[in-house]
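Start from the sequences, fold in the hints, and give me the full structure.
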Amino acid sequence: MRKLLVIGIGAGNPDHMTVQAISGLNQADVLFIPDKGAKKNELAELRRQICDRFVTNPKSRRVEFGVPVRDLPVEDGPAPTYRSTVDDWHEAIAAIYEGLIRDEIAGDGCGAFLIWGDPSLYDSALRILERVRLRGNVAFKLEVIPGITAVQALAASHKMALNRIGDSVLITTGRRLTEEGMPDNAGSAVVLLDGKCAFNTLDDKDVVIHWGAYLGTPDEILISGRLGNVGAEIERTREEARRKKGWIMDTYLLRKPSAED
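First residue of the sequence shown: 93, per this note's numbering; consecutive thereafter.
In case anyone wonders, no lab produced these hints; they're calculated from the structure.
One should not assume that every hint holds.
[Said to hold, decoys possible] Taking lysine to aspartate or glutamate pairs in the EDC-like style, the calculated list, with each CA pair at most 16 angstroms apart, reads:
#	residue 1	residue 2
1	Lys-337	Glu-190
2	Lys-288	Glu-222
3	Lys-151	Asp-121
4	Lys-128	Glu-156
5	Lys-151	Glu-196
6	Lys-297	Asp-259
7	Lys-337	Glu-137
8	Lys-348	Asp-296
9	Lys-297	Glu-327
10	Lys-132	Asp-311
11	Lys-95	Glu-190
12	Lys-233	Asp-215
13	Lys-151	Asp-200
14	Lys-348	Asp-295
15	Lys-95	Asp-200
16	Lys-233	Glu-190
17	Lys-251	Glu-312
18	Lys-95	Glu-235
19	Lys-348	Asp-276
20	Lys-336	Glu-312
21	Lys-337	Asp-311
22	Lys-336	Glu-134
23	Lys-132	Glu-156
24	Lys-288	Asp-311
25	Lys-288	Glu-271
26	Lys-95	Glu-137
27	Lys-288	Glu-235
28	Lys-95	Glu-196
29	Lys-288	Glu-327
30	Lys-233	Asp-200
31	Lys-348	Asp-298
32	Lys-233	Asp-121
33	Lys-348	Asp-259
34	Lys-95	Glu-222
35	Lys-336	Asp-311
Dropping the structure here:
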């Protein structure tokens, strides 16, 4: 039976690769590298650099594949829900995955998907592969290899612990932060997938923000401080970086002020 490895490759620094991840790369006959277009070529290039640096298996080969763009609502048309657009997008990717597994991996071979960060945290590869399995057209065994997340990289770069003593930490999204605000039951909130600087919607400008973009890479940007003091600076810096590179990957931690700060 075919075997699939889903390998977390870290938040952007090739040194984030674990020994287990490197071993997984070298088990695979085929390494799948997603191509998200010219604007995000650096994301594919990092995967290529990781393969160049760590893969020693002479039988290994790489297969690059295009990733469809998720549809967005049309302003003057019917408004699909967020979940429905994601569902359609995942279904399209599942069809691509199924073809790759069927056509590129031998019946007893091994393939690997290289996943940014960790496959279990705000990445949909595992859900999409479950769709492929449920279709029943191609069988495979699955192994998941964890990786360093952007959350860990953010804390390390800011030289801080994610939690305070006796306090909870919430991991959420920009969409949820906009809808719900800073949670009452968490002293700290890590926010991922925020393309609209949702932190600026918070009423409490005394909240402390620790923000980072391109974490672990030579282009890493870090800003921290009271939201009322640095919120506008982060938004401006983020837009300049996104315009310059054509893409941005960032995350941040929000923390209610306390005597510990």
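* Broken hints, numbered, in rising order? -> Violated hints: 1, 2, 6, 12, 24, 26 and 27; rest satisfied.
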